[in-house]
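There are 2 protein chains.
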Amino acid sequence: MARKIGSSGPQTEAAIHKAGLRLIYRHGFAAASLQHLAAEVGIQKSSIYNHIESKQDLLFQIVKGHMDDLLHAADRDLPTEDSSPSERLEAFVHFHVLYHAERSEEMFVINSELRSLDPENLAYILGLRARYEDKLSTILRDGERVGKFKIMDARVATFGILAMLSSVGTWFKSAGRLSKEEVAAMFSDMVLRSIIG
Amino acid sequence: MARKIGSSGPQTEAAIHKAGLRLIYRHGFAAASLQHLAAEVGIQKSSIYNHIESKQDLLFQIVKGHMDDLLHAADRDLPTEDSSPSERLEAFVHFHVLYHAERSEEMFVINSELRSLDPENLAYILGLRARYEDKLSTILRDGERVGKFKIMDARVATFGILAMLSSVGTWFKSAGRLSKEEVAAMFSDMVLRSIIG
Chain P
1 MARKIGSSGP
11 QTEAAIHKAG
21 LRLIYRHGFA
31 AASLQHLAAE
41 VGIQKSSIYN
51 HIESKQDLLF
61 QIVKGHMDDL
71 LHAADRDLPT
81 EDSSPSERLE
91 AFVHFHVLYH
101 AERSEEMFVI
111 NSELRSLDPE
121 NLAYILGLRA
131 RYEDKLSTIL
141 RDGERVGKFK
151 IMDARVATFG
161 ILAMLSSVGT
171 WFKSAGRLSK
181 EEVAAMFSDM
191 VLRSIIG
Chain Z
1 MARKIGSSGP
11 QTEAAIHKAG
21 LRLIYRHGFA
31 AASLQHLAAE
41 VGIQKSSIYN
51 HIESKQDLLF
61 QIVKGHMDDL
71 LHAADRDLPT
81 EDSSPSERLE
91 AFVHFHVLYH
101 AERSEEMFVI
111 NSELRSLDPE
121 NLAYILGLRA
131 RYEDKLSTIL
141 RDGERVGKFK
151 IMDARVATFG
161 ILAMLSSVGT
171 WFKSAGRLSK
181 EEVAAMFSDM
191 VLRSIIG
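Heads up: the sequence lines are chains P and Z, in that order.
First residue of the first sequence? That's 1 in UniProt numbering, and the numbers climb one at a time after it.
First residue of the second sequence? That's 1 in UniProt numbering, and the numbers climb one at a time after it.
Note that these hints are calculated values from the structure, not bench results.
Glycine included, C-beta positions come from ideal geometry on N, C-alpha and C.
Hints may be right or wrong, so weigh each one.
Unchecked claim - Over the 12 Å line for every Cβ pair with chain P, so calculated as not near, a few chain Z residues:
no.	residue
1	Pro-10
2	Ala-19
3	Ser-47
4	Gly-65
5	Leu-71
6	Leu-78
7	Glu-90
8	Asp-118
9	Leu-165
10	Leu-192
To be verified - In silico DSSO-like pairs for lysine-lysine, Cα to Cα no more than 27 Å straight-line:
no.	chain 1	residue 1	chain 2	residue 2
11	Z	Lys-64	Z	Lys-45
12	Z	Lys-180	P	Lys-135
13	P	Lys-150	Z	Lys-45
14	Z	Lys-135	P	Lys-180
15	Z	Lys-148	P	Lys-148
Said to hold, decoys possible - For each label pair, taking beta carbons as the anchor points, the in silico distance ranges come out as:
no.	chain 1	residue 1	chain 2	residue 2	range
16	Z	Gly-147	P	Glu-81	35 to 43 Å
17	P	Asp-142	Z	Asp-118	45 to 53 Å
18	P	Met-152	Z	Asp-134	25 to 33 Å
Take the sequences, apply the hints, and build the full model.
So, in structure tokens, the structure goes:
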């Protein structure tokens, strides 16, 4: 059981999110209990409600937190539209692979528990996800417009490329034979060749 | 509730697998109950044990059934090594996309509930999965050997390509703007370009 950390403040909230993620990852949303969560964090179950309204709210906060962080990092790290589409695509591939290679539990929960979000929460999260997907689609369409990329369908290409890149979350091991930078370079090579006209 | 179909015979077993898949898809393995499963199938809970030993056994049978069917179909439908690596790769892409485009629930359960398999069952399933992955890796290595493909790492390329193709299970809609054949053609184009030397 985790060390007791008190029942209020942003530290507790972060601990609740972290333990919540872990519990949902292990047992699935339906089987995860707030009772168990409180025990993991080392606070009373009633104190949990100072931080989250419900188990549904916990899931929403976890998924929203991940998407907000991802969008923030992408806005900060990705090159502007001054760069060429190829440079922007290469940067996007590296960013996405490096960001996701060591967030396998978060990615798993986000992908597998969208089904457990209430309709309103789901719509909000899908909106954030669409904003992220649009970053890649925009690069692909810009490259097409200047005659650099040849793409049959930018939406399908976006879904396919994101799935390829995100797969690092399921098989990449930081102690494995390849570094995440090497994997990013390999995928960057494949993705660029797959669409350069 | 489903129509009563009696409590023995292969028809009941098929009904148990189908209802089990649906329940695990909706609630997750940990929260799915055999009580609920029996009600869905329309038999007594005790009769379930004529067909499965436990909930763990049910999950294993569902996942194993999917992998056996997939391997059988691949052995039947994919071209032999007489064909060129490019032809074999194109055929593999089409096969994988068409096979998975309309099996989203099965794919979801198989990918998300590997964590719920007992170690021995998991090892068996990962063995079947490796057999399937090897079909693609072999095509990639054969193409590399004859100087047709240029690949940085056949394992990474295999994982990336399979993830790209399998993504149809999460976003393809049979009533959508594209047919699964069109999606297969798009992915085939991208995959071939991504590795042809």
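Structure-based check of each hint:
1. Annotated as non-interface, Z/Pro-10 keeps its C-beta farther than 12 Å from every C-beta of chain P; the closest such distance is 30 Å.
2. Z/Ala-19, annotated as away from the interface, keeps every beta carbon of chain P farther than 12 Å; the closest lies near 17 Å.
3. Here Z/Ser-47 stays apart from chain P, with its beta-carbon at least about 25 Å from theirs, past the 12 Å limit.
4. The claim that Z/Gly-65 is not at the interface with chain P holds, since no C-beta of that chain comes within 12 Å of its own (minimum 21 Å).
5. The Cβ of Z/Leu-71 lies farther than 12 Å from every Cβ of chain P, with a closest approach of about 20 Å, so its non-interface assignment holds.
6. With a closest Cβ-Cβ approach of about 21 Å to chain P, Z/Leu-78 is found to remain outside the 12 Å limit, as its non-interface label requires.
7. For Z/Glu-90, the condition that its CB be more than 12 Å from all CB atoms of chain P holds, with the nearest at approximately 14 Å.
8. Every beta carbon of chain P lies more than 12 Å from that of Z/Asp-118, the smallest distance being close to 15 Å; the non-interface claim holds.
9. Its beta-carbon lying about 8 Å from the closest one in chain P, Z/Leu-165 breaks the requirement of being farther than 12 Å from that chain.
10. Once the 12 Å rule is applied to beta carbons, Z/Leu-192 is inconsistent with being away from chain P; the minimum gap is 9 Å.
11. Among the hinted pairs, Z/Lys-64 with Z/Lys-45 is consistent with the structure: their alpha-carbon atoms are about 23 Å apart, no more than 27 Å.
12. This hinted pair checks out: Z/Lys-180 and P/Lys-135 have alpha carbons roughly 25 Å apart, not beyond 27 Å.
13. With a CA separation close to 57 Å, the supplied pair P/Lys-150 and Z/Lys-45 exceeds the 27 Å bound.
14. For the suggested pair Z/Lys-135 and P/Lys-180, the alpha carbons sit about 25 Å apart, so the restraint of at most 27 Å is met.
15. Restraint check: the Cα-Cα separation between Z/Lys-148 and P/Lys-148 comes to about 24 Å, which is no more than 27 Å; the hinted pair holds.
16. Hint check: Z/Gly-147 to P/Glu-81, Cβ distance near 39 Å, so the stated range 35 to 43 Å holds.
17. For the pair P/Asp-142 and Z/Asp-118, the beta carbons lie near 49 Å from each other, so the given range of 45 to 53 Å is met.
18. For the hinted restraint 25 to 33 Å between P/Met-152 and Z/Asp-134, the CB-CB distance of approximately 29 Å keeps it satisfied.
This entry does not satisfy hints 9, 10 and 13, going by the numbered hints stated previously.
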